[in-house]
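**Student:** Using the hints, build the complex out of the two chains.
Those protein sequence lines, which keep their order, are chains A and B.
Going by our numbering, the first sequence opens with residue -2, and the numbers climb by one from there.
Going by our numbering, the second sequence opens with residue 4, and the numbers climb by one from there.
For the record, the hints were derived by calculation from the structure and aren't laboratory data.
Please note that the accuracy of each hint is not assured.
[What the hints assert, rightly or not] Derived list of chain B stretches under chain A, where covered just means 3 residues or more per stretch with a C-beta under 8 Å from a C-beta of chain A:
| no. | segment |
| --- | --- |
| 1 | 47 to 58 |
| 2 | 69 to 83 |
[Said to hold, decoys possible] Not everything, but these chain A residues come out facing chain B in the computed CB check (under 10 Å):
| no. | residue |
| --- | --- |
| 3 | PHE32 |
| 4 | THR98 |
| 5 | PHE99 |
Cβ coordinates follow ideal geometry from the N, Cα and C atoms, glycine included.
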Amino acid sequence: AQKVTQAQTEISVVEKEDVTLDCVYETRDTTYYLFWYKQPPSGELVFLIRRNSFDEQNEISGRYSWNFQKSTSSFNFTITASQVVDSAVYFCALASGSRLTFGEGTQLTVNP
Amino acid sequence: EPEVTQTPSHQVTQMGQEVILRCVPISNHLYFYWYRQILGQKVEFLVSFYNNEISEKSEIFDDQFSVERPDGSNFTLKIRSTKLEDSAMYFCASSPGYEQYFGPGTRLTVT
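In isolation and in its complexed conformation, chain B is listed as follows (with noise of 0.2 Å):
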């Protein structure tokens, strides 16, 4: 069954260095989402991407942040300048339509 995968599984990062989180969607589907975990907290959303360009953002995603879909597989979220209270768990998502399919999240670490 297709999967989204995410790499890296774990980042350690230091404060203010810029980090590339990577996604691999489901081949056929054509949205794509970042979520963020903070640990212990619920899911929030952050971006949605459909047709190369961002569909929708939350208040979260501010300037720091950027994604891309550099090839016709790939995925990423760039946080430029990391804080430390940017370490949470990331999510990304894709779907065909409606349900959303999750990877299993990089674990970011700011430190």
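Okay, chain A solo, but in the shape it has when bound (with noise of 0.2 Å):
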């Protein structure tokens, strides 16, 4: 069985301030696909990144950045220098086969 966990519940920090989320997953998969969504107060579900099992290069992209590590199951997610418009619920989630397991999602406040 899959499970994704989302450690934190909620996040606040002050506009400028660098925050990770943090995602830990179970799987016995040996291929499967990591993703990170965000859910903006209106409601939608944006697709922010994949990753598959067997790519561990870390990315960045502008001010996000993700670290993929396979040895401890984890796919945290870094915002750099936070801003208002970053508040969300960040949604990671894992693939294996057809359907994606959410996380519980974490709660990000960024305070001007």
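**Tutor:** So, in structure tokens, the structure goes:
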């Protein structure tokens, strides 16, 4: 069975701070995909990044960066110099087969 | 940029009634999905659909639910005899292969 754990329920930071959202996953599959989605207050789910289990190269995209460590089954997400518009719920998700298994989500609030 | 669209944005129905939620996936995508999110909770997988048939379904997707691709563009979720606990946001998603792109959701309220 697949499981995704986001231990941080809520995080509150002040604008311009860096913030890291943690994600730990469990799977018995050797091939799988990991994702981060953003859900702003308007409610839609916005795809941010996909990583496959064979690619542990970390990625930076603008203010976003991701740290995938297979040895610890973690796929953490960092926002550098946070902005108020980053306020949202962030979901980590795992795919093996066709379904996505989501974590509980982390509510990020960036205060001005 | 192509988007997944869903109609209606909000549906209110009485317990026991049937509802049909509609989705238009991104046109060149081959895989289609339905998820639901009960208010304040995580997103849960319902069903995936490929090549005009269900490829995977969750424990939630019981006989009350059905999906259909009635034409080349629409993908529908039917809920027969709705229950109060079916109240949730229902998301449609489509995928070219790996990443799934979600629609804006339909908020279903069962009274």
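**Student:** Decide, hint by hint, whether the structure agrees.
**Tutor:** For each hint, the structure was consulted:
no.: 1; hint: 47 to 58; in the structure: holds (count 5)
no.: 2; hint: 69 to 83; in the structure: violated (count 0)
no.: 3; hint: PHE32; in the structure: 7 Å, holds
no.: 4; hint: THR98; in the structure: 7 Å, holds
no.: 5; hint: PHE99; in the structure: 4 Å, holds
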